[in-house]
Amino acid sequence: MKFALRGTCVLLALLLCCRNGKACPSRCSCSGTTVDCSGKSLTSVPSALPSSTTILYLHENKLQSVPNGVFDKLSQLTTLGLDTNQLKSVPDGIFDRLTSLQRIYLYSNPWDCTCPGIRYFSEWINKNSGIVYYYDGSDSVDPDSAKCSGSGKPVRSIICPTTTTTTTTTTTTMPTTTTLPTTTKMSMVKVPLVPPEAFGRVMNACAYFPSYIFLHLVHGLAAVPLVYLVCHASQLL
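Residues -23 to -1, 1 to 214 in mature numbering (1 follows the signal peptide of the UniProt record, and there is no 0) are what the sequence shown spells out, letter by letter.
In case anyone wonders, no lab produced these hints; they're calculated from the structure.
Errors might be hidden in some of the hints.
Here are the computed distance ranges between Cβ atoms for each label pair [as the list claims (entries may be wrong)]:
#, residue 1, residue 2, range
1, 4, 137, 33 to 39 Å
2, 92, 44, 19 to 25 Å
3, 10, 128, 37 to 43 Å
4, 3, 138, 24 to 30 Å
5, 6, 39, 17 to 23 Å
6, 20, 76, 27 to 33 Å
7, 94, 49, 16 to 22 Å
8, 139, 10, 38 to 44 Å
9, 128, 100, 15 to 21 Å
10, 113, 134, 33 to 39 Å
11, 114, 31, 19 to 25 Å
12, 92, 31, 32 to 38 Å
13, 127, 93, 17 to 23 Å
Within a straight-line C-alpha distance of at most 25 Å, the following computed BS3-like cross-link-like pairs (lysine-lysine) qualify [stated by the list, open to error]:
#, residue 1, residue 2
14, 124, 39
15, 65, 124
16, 130, 65
17, 39, 130
18, 39, 65
19, 17, 65
20, 124, 17
Heads up, the beta-carbon is just placed ideally off N, CA and C, and yes, glycines get one too.
Build the full structure now, drawing on both the sequences and the hints.
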């Protein structure tokens, strides 16, 4: 009987300190699904946050950064207090998995509004302006409560220029070779003059040339002797 009672006490103790198999984070207090880590001079966000957490208070600490993915498993989180810390920036996509989020407190942080680092945070506040709250004795929606360090401008007023990638296409033109027509110069052949004493002999030979051509045609010879041309030319002179 005593053993059974002792076992029951141990089980109850475990149930009180654990939430979904995870103990309440060190230096924080837990009540139901509320995890209160405010005012503890924390310099980092506790990593062992129960996945069933619906309200998470991290305000009034010394947080300088928020680890990437630290809130990814908190799909049931409805309220997140990050105000009054030393936060200058948050990782891109840090709030994207908080699909149940209804209230977030971001004021009293020295936000660095240098582009392009501030782009995600600025755009996220603009898209979720209805859940950004400010507390001054009572809660009120105030998306401009998150302000840039130095200038005091609302973070959501910062619009970073969009980077445009320009693609340059290079066209290579192959040279065209133009072939000019070649002009061939005809050279006149100088025919040596026939001496007077030889001219008579040529004329006598031309007198018998017609019969010579006839004999060649009868025997089927197609070539015409060069002497015919000479004779014909001499008759024209």
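Now for the hints, and whether the structure bears them out:
{"no.": "1", "hint": "4 / 137: 33 to 39 Å", "result": "holds, 37 Å"}
{"no.": "2", "hint": "92 / 44: 19 to 25 Å", "result": "holds, 23 Å"}
{"no.": "3", "hint": "10 / 128: 37 to 43 Å", "result": "holds, 38 Å"}
{"no.": "4", "hint": "3 / 138: 24 to 30 Å", "result": "violated, 43 Å"}
{"no.": "5", "hint": "6 / 39: 17 to 23 Å", "result": "holds, 18 Å"}
{"no.": "6", "hint": "20 / 76: 27 to 33 Å", "result": "holds, 28 Å"}
{"no.": "7", "hint": "94 / 49: 16 to 22 Å", "result": "holds, 21 Å"}
{"no.": "8", "hint": "139 / 10: 38 to 44 Å", "result": "holds, 40 Å"}
{"no.": "9", "hint": "128 / 100: 15 to 21 Å", "result": "holds, 19 Å"}
{"no.": "10", "hint": "113 / 134: 33 to 39 Å", "result": "violated, 21 Å"}
{"no.": "11", "hint": "114 / 31: 19 to 25 Å", "result": "holds, 24 Å"}
{"no.": "12", "hint": "92 / 31: 32 to 38 Å", "result": "holds, 35 Å"}
{"no.": "13", "hint": "127 / 93: 17 to 23 Å", "result": "holds, 18 Å"}
{"no.": "14", "hint": "124 / 39", "result": "holds, 18 Å"}
{"no.": "15", "hint": "65 / 124", "result": "holds, 10 Å"}
{"no.": "16", "hint": "130 / 65", "result": "holds, 14 Å"}
{"no.": "17", "hint": "39 / 130", "result": "holds, 23 Å"}
{"no.": "18", "hint": "39 / 65", "result": "holds, 12 Å"}
{"no.": "19", "hint": "17 / 65", "result": "holds, 19 Å"}
{"no.": "20", "hint": "124 / 17", "result": "holds, 24 Å"}
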